[in-house]
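One letter stands for each residue in the lines below.
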Amino acid sequence: MKIEARLEELGFVLPAPLALPAGARLPFPWVRVHGKRVFISGHGPQQPDGSLAGPFGKVGAEVSPEQAYESARLVALAILGSLKRELGDLDRVTAWLRVFGMINSTPDFTMQPAVINGFSDVILSVYGETAGAHARSAVGMASLPFSIPVEIEAEVEIDG
Amino acid sequence: MKIEARLEELGFVLPAPLALPAGARLPFPWVRVHGKRVFISGHGPQQPDGSLAGPFGKVGAEVSPEQAYESARLVALAILGSLKRELGDLDRVTAWLRVFGMINSTPDFTMQPAVINGFSDVILSVYGETAGAHARSAVGMASLPFSIPVEIEAEVEIDG
Amino acid sequence: MKIEARLEELGFVLPAPLALPAGARLPFPWVRVHGKRVFISGHGPQQPDGSLAGPFGKVGAEVSPEQAYESARLVALAILGSLKRELGDLDRVTAWLRVFGMINSTPDFTMQPAVINGFSDVILSVYGETAGAHARSAVGMASLPFSIPVEIEAEVEIDG
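In order, the protein sequence lines correspond to chains S, R and P.
If you count the first sequence from 1, you need to add 178 to reach the numbering used here.
If you count the second sequence from 1, you need to add 178 to reach the numbering used here.
If you count the third sequence from 1, you need to add 178 to reach the numbering used here.
Certain hints may be false.
[Said to hold, decoys possible] Per label pair, the in silico range of CB-to-CB distance:
hint : chain 1 : residue 1 : chain 2 : residue 2 : range
1    : P       : 266       : R       : 188       : 33 to 39 Å
2    : S       : 242       : P       : 229       : 26 to 32 Å
3    : P       : 202       : R       : 187       : 50 to 56 Å
4    : R       : 188       : S       : 303       : 31 to 37 Å
5    : R       : 239       : S       : 190       : 47 to 53 Å
6    : S       : 242       : P       : 324       : 44 to 50 Å
7    : S       : 182       : R       : 264       : 39 to 45 Å
8    : S       : 242       : P       : 242       : 29 to 35 Å
Don't read these hints as lab results, they were simulated from the structure.
Just so you know, even glycine gets a beta-carbon here, dropped at the ideal spot from N, CA and C.
Go ahead and model the full structure; you've got the sequences and the hints to work with.
Following this line, the structure appears as structure tokens:
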């Protein structure tokens, strides 16, 4: 349980499963495992109790880039929480592959990479430079569900 | 031909290949098969004759969430039509893996998941909870080609 | 070195590695190789010296569709440059699989496919219709990093 120990060392706490916003129905799994391939659904930032974490709104307007960096860190922890529930042990993740970072952006916000660094920094600090390395895009969306400022989907690999 | 029988049972009709809008040139396949991996290009909603299906415009303005849910259902049928033409038999799809749902959104529309449920509901009703399960994101785009309200790309697996 | 010869024949020059805009930190690789799978991070258009290439801004406003087509061609060359540096030899790419084309769009710009054709045309002219074929989406983003007009991520396969 090396990754768990690393999380504890860094003081990272993984949130509870997403507490669905009122009226929402999400007929898909947060993590889809198929052989060694693991597809991670789009996650938002969560509070420790599993509810969505604010601030809500658009980066470049209601949400500052610094706040959005923190939101992206929370998305990383939410995804690690989903992976742990699905896989049992986070050590099973042998390689991060693709990270797609989506920022709820005003039309003139252009610092998407600095926001998604919050996600990459968590993953690299936990998994290290080899297993944690990932191809990445960081781009501006017109809007995101429930007005979350950041949503991230990803693909990782596990040992057969 | 279990999937075909299921489609008939549900009354689902797969549309003809996309009738390209005037002036458009699309130099790529709707489905890219490589070994067991099948990549599905971004599809919009189609009418049975293959032309793009309205309503057109932005969800949150000209297009209601309920209308967009129906559009997402039509996208599912369009994708199943492309898969059938490429694979010959829809039973060859053994697992849905990743679904990326894009909604042509106003900046303040935030119910993207409810829209893309139209797609997930069709896939789950046809393929069932095991093969049909998929990781998913549902997000708001600034604009989509030809003003379609919904576009979806996906990856599935087939038997070798 | 068939692909290199083809590039020379076509007069295509691959740019130097991206010269990072001032203040930017990008803690991820441009290309993530894992076994036979190769994930390509989101790339923008680059000048031969590696700096980002204009015009900058939104397609449908400051940037014309024709200019954006040229930007998409430059993205293809930037990606080929990254692949060459990572793989050593561009002949190792045996199949293009997925191309995700993102256009910095005004809310009413709807010709995204015509823009991303600039990318597809380069890849098909270099790799041919078989290895170069790719599933594709071309969609409108609210904003992109550093105001680039086009960003593209992709997945390709290499020989084991």
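Structure versus earlier hints, numbers of those that do not hold, lowest first: 1, 4, 5 and 6
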